[in-house]
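Q: These protein sequence lines map, in sequence, to chains A and B.
Residue numbers in the first sequence follow my numbering, run continuously in steps of one, and reach 269 at the last position.
Residue numbers in the second sequence follow my numbering, run continuously in steps of one, and reach 269 at the last position.
Misleading hints may appear alongside valid ones.
Copies of the same chain are indistinguishable here, so a pair counts whether it falls within one copy or spans any two.
As a list, the in silico DSS-like pairs of lysine-lysine whose alpha-carbon atoms are at most 25 angstroms apart [claimed, not checked]:
{"no.": "1", "residue 1": "K257", "residue 2": "K188"}
{"no.": "2", "residue 1": "K239", "residue 2": "K123"}
{"no.": "3", "residue 1": "K64", "residue 2": "K196"}
{"no.": "4", "residue 1": "K240", "residue 2": "K258"}
These aren't lab readings, by the way, just hints derived from the structure by calculation.
Number of protein chains: 2
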Amino acid sequence: MKRTERIGALIRILSETPSKAYSLQYFCDLFDCAKSSISEDIQTASASLQYTGTGYLETIAGAKGGVRFVPAISDEEVLSLQQEFCDRLKNPSRLLGGNFVYTSDIFYDPSIVTRLSRVFARKFRNCGANYVATVETKGIPLAYNVAHLLNLPLIVIRREARISEGSTVSINYFSGSYDRLQKMSMSKRAIRSDSKVLIIDDFMRGGGSVTGISEMVGEFGCTVCGIGIAIVAKEPERKKVSDFSPLIYLGEVSSEKKIIEAFPNTDLF
Amino acid sequence: MKRTERIGALIRILSETPSKAYSLQYFCDLFDCAKSSISEDIQTASASLQYTGTGYLETIAGAKGGVRFVPAISDEEVLSLQQEFCDRLKNPSRLLGGNFVYTSDIFYDPSIVTRLSRVFARKFRNCGANYVATVETKGIPLAYNVAHLLNLPLIVIRREARISEGSTVSINYFSGSYDRLQKMSMSKRAIRSDSKVLIIDDFMRGGGSVTGISEMVGEFGCTVCGIGIAIVAKEPERKKVSDFSPLIYLGEVSSEKKIIEAFPNTDLF
Numbered sequence: 001m002k003r004t005e006r007i008g009a010l011i012r013i014l015s016e017t018p019s020k021a022y023s024l025q026y027f028c029d030l031f032d033c034a035k036s037s038i039s040e041d042i043q044t045a046s047a048s049l050q051y052t053g054t055g056y057l058e059t060i061a062g063a064k065g066g067v068r069f070v071p072a073i074s075d076e077e078v079l080s081l082q083q084e085f086c087d088r089l090k091n092p093s094r095l096l097g098g099n100f101v102y103t104s105d106i107f108y109d110p111s112i113v114t115r116l117s118r119v120f121a122r123k124f125r126n127c128g129a130n131y132v133a134t135v136e137t138k139g140i141p142l143a144y145n146v147a148h149l150l151n152l153p154l155i156v157i158r159r160e161a162r163i164s165e166g167s168t169v170s171i172n173y174f175s176g177s178y179d180r181l182q183k184m185s186m187s188k189r190a191i192r193s194d195s196k197v198l199i200i201d202d203f204m205r206g207g208g209s210v211t212g213i214s215e216m217v218g219e220f221g222c223t224v225c226g227i228g229i230a231i232v233a234k235e236p237e238r239k240k241v242s243d244f245s246p247l248i249y250l251g252e253v254s255s256e257k258k259i260i261e262a263f264p265n266t267d268l269f
Numbered sequence: 001m002k003r004t005e006r007i008g009a010l011i012r013i014l015s016e017t018p019s020k021a022y023s024l025q026y027f028c029d030l031f032d033c034a035k036s037s038i039s040e041d042i043q044t045a046s047a048s049l050q051y052t053g054t055g056y057l058e059t060i061a062g063a064k065g066g067v068r069f070v071p072a073i074s075d076e077e078v079l080s081l082q083q084e085f086c087d088r089l090k091n092p093s094r095l096l097g098g099n100f101v102y103t104s105d106i107f108y109d110p111s112i113v114t115r116l117s118r119v120f121a122r123k124f125r126n127c128g129a130n131y132v133a134t135v136e137t138k139g140i141p142l143a144y145n146v147a148h149l150l151n152l153p154l155i156v157i158r159r160e161a162r163i164s165e166g167s168t169v170s171i172n173y174f175s176g177s178y179d180r181l182q183k184m185s186m187s188k189r190a191i192r193s194d195s196k197v198l199i200i201d202d203f204m205r206g207g208g209s210v211t212g213i214s215e216m217v218g219e220f221g222c223t224v225c226g227i228g229i230a231i232v233a234k235e236p237e238r239k240k241v242s243d244f245s246p247l248i249y250l251g252e253v254s255s256e257k258k259i260i261e262a263f264p265n266t267d268l269f
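Turn these sequences into a full structure, and let the hints guide you.
A: Here it is, written out as structure tokens:
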């Protein structure tokens, strides 16, 4: 196998399984070559990846030594993604009754979700999470993709307990968006106690559902170590949670004036 | 930029956006080099990718010329994935009341979902789909990932109409698993008429919910061009749909005998 081909294969294998550590020996065996060659290959591969702005390779010191792909996104790409997101969101054809905004097409579009999740993976890669959690439904692709990039399992909290979840714990919480009590329920099998949880969701208004998730993971003896939300409404200014990271803010939404306002969060990093 | 680095970057850019066509000119501009060099780079990159078994590069003929990353999975990897999946499923600790089987941990585990979706992407890459559709909740990460690999938007059909989906169409269908009428509802904004839809789901028993999805997309003047299901129960033998592709079969499930039977589908390709 030629060196060039080896570097290509190295990039593909590592970036297909982000944040997963491989020993150098693994690649020595796979490519049948010496550790010194693999070390050189890793340097070239990392330079190559940094050029694309989508990640880099991190070598792990220690007796065994190893390497992993760290997903990333450049400051410029974050800015242009925020701008693109705001522009798409502002389209008045998204206005629904009750001043709701249609966003499913965005959150189910892989071309945008892939990049959104690199933003949150960069933001939270050192938060020490053991799980990524979300509440069904619209945030699932985003949360799943962040979990993939951080090499963590995903937890999906359901609105209703289902028989296929086994025994569950349920809580009630007040949702400002729907102006009523809502329920969420989580399988007892979904999480180990004493874990740290990164919450990822598509949208937050007052913070009721994120508070619900925090309370829920608390029931399992776990704590929240980060909160990443794609869209956060400016109003109400006072949220039930602090310390969350929005990608963009939703301003005024008015069916009457036919406007949807959206702004990038310039304080993300 | 050295040739080796260029090939690494090429692989990363193309495999981050599977099935998306790029013109050769795009890379000429990006790397500031001639088309003949890019053509050579593509050949080396493709050899390198084929070595990993995760995909290859396909060049597109014609005036402009182009290239895309085609996700793939080798026959051997399909077999070992099926075996691993069966082994995980057979664990009797998965038994729930009513002979249901707990599978959420599998369908929310990126390390298995990534490979499962390469199986379905390989199977359905030429089915002409314009959308990938699933019904919430457990199949969403898998369906999303298949959509990503095929560069298609995802449609998530909801159990209950939500205000954030705008106007919806709803249908009722009979679910054999739950032995009762169930509802599903889909946003009118989710799909263009005359489209083809690939259905991806985590589990099928009698085929009620897949029939429901077919009926639903029919209401929008669309047709189903493929059905990929991760786990299909052997019983009932007579399903409401024909022409579906299971990855594995679920055999006898018995809390009394403490067994869960699972078999690979050997007819998948």
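Q: Evaluate each hint against the coordinates.
A: So, going through the hints one by one against the coordinates:
| no. | hint | result |
| --- | --- | --- |
| 1 | K257 x K188 | between (47 angstroms within a copy, 24 angstroms between copies) |
| 2 | K239 x K123 | within (21 angstroms within a copy, 47 angstroms between copies) |
| 3 | K64 x K196 | neither (27 angstroms within a copy, 50 angstroms between copies) |
| 4 | K240 x K258 | neither (29 angstroms within a copy, 46 angstroms between copies) |
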